[in-house]
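S.K.: Sequence:
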Amino acid sequence: MIDYLKDPEAIYQESFATVRRETDFGDLPPDIAEVAVRIIHSCGMTDIPPALGYSADAVRSGIAALQAGAPILCDVNMVEDGVIKRFLPAQNSTWCCIDDMDVAQDARRRGITRSSVATERWLPYLLDAVVVIGNAPTSLFRLLEGLEQEGWPHPSLILGFPVGFVGAAESKIFLSEQAQALEIPFMTLHGRRGGSAIAAAALNAIAVLSREVPARPPQLRESR
303 MIDYLKDPEA IYQESFATVR RETDFGDLPP DIAEVAVRII HSCGMTDIPP
353 ALGYSADAVR SGIAALQAGA PILCDVNMVE DGVIKRFLPA QNSTWCCIDD
403 MDVAQDARRR GITRSSVATE RWLPYLLDAV VVIGNAPTSL FRLLEGLEQE
453 GWPHPSLILG FPVGFVGAAE SKIFLSEQAQ ALEIPFMTLH GRRGGSAIAA
503 AALNAIAVLS REVPARPPQL RESR
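Position 41, counted from 1, in the sequence shown is what this note's numbering calls 343; the numbers after and before it change by one each time, with no gaps.
To be clear, the hints were calculated from the coordinates, so they are not data collected in a lab.
Label-pair distances were calculated between CB atoms; the ranges are:
(1) M303 / E479: 51 to 61 Å
(2) G371 / Q451: 23 to 33 Å
(3) D329 / P516: 24 to 34 Å
Yeah, the Cβ is synthetic: ideal placement off N, Cα and C, and Gly gets one too.
Produce the entire structure from the sequences given, and follow the hints as far as they go.
M.R.: This is the structure in structure tokens:
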């Protein structure tokens, strides 16, 4: 017989205890460190903390947005599927437009990715939303392009974790630069690493924290 841990709660607790025991969180602020814990838990990589990029208000802004009922906009279905709905504080809606009608046809006609087209479909929901990108660099590029050049409404938070060898690292550098210039809270993982599981884990971590913090009266902004 193989001896292994079978109790799900014990596995859950020991997993997070191991992450905290084996990871150097350095000078990360406590709320960012809590998000990092769940990111590491999702991928098994304890060297994540030094590669994180973030604004100081990222977690606070995400908590306030989720508590106010903000929608969650996801670049791909895998990110949306990774959102743990029971963690959400206000039965927040999730949106992924990658399979919407005519997205693929429009992308072929214009010679761009489906993710770029799907990102444009977020416009009616974008103001004060929480954006979660875990796959497509072109989704992050298109979002930042729209925010910077076309006056798109500002989301409350951008969680930008696209993965890959073409454009992923560059899109996250662009996020760090433009989000700060536009004063939009953000969090990212620099370099090629990322992915749907990591992006969803970051959102889930903020959702968990949002259930532990007293809700503040929502302060909705006008579209910019």
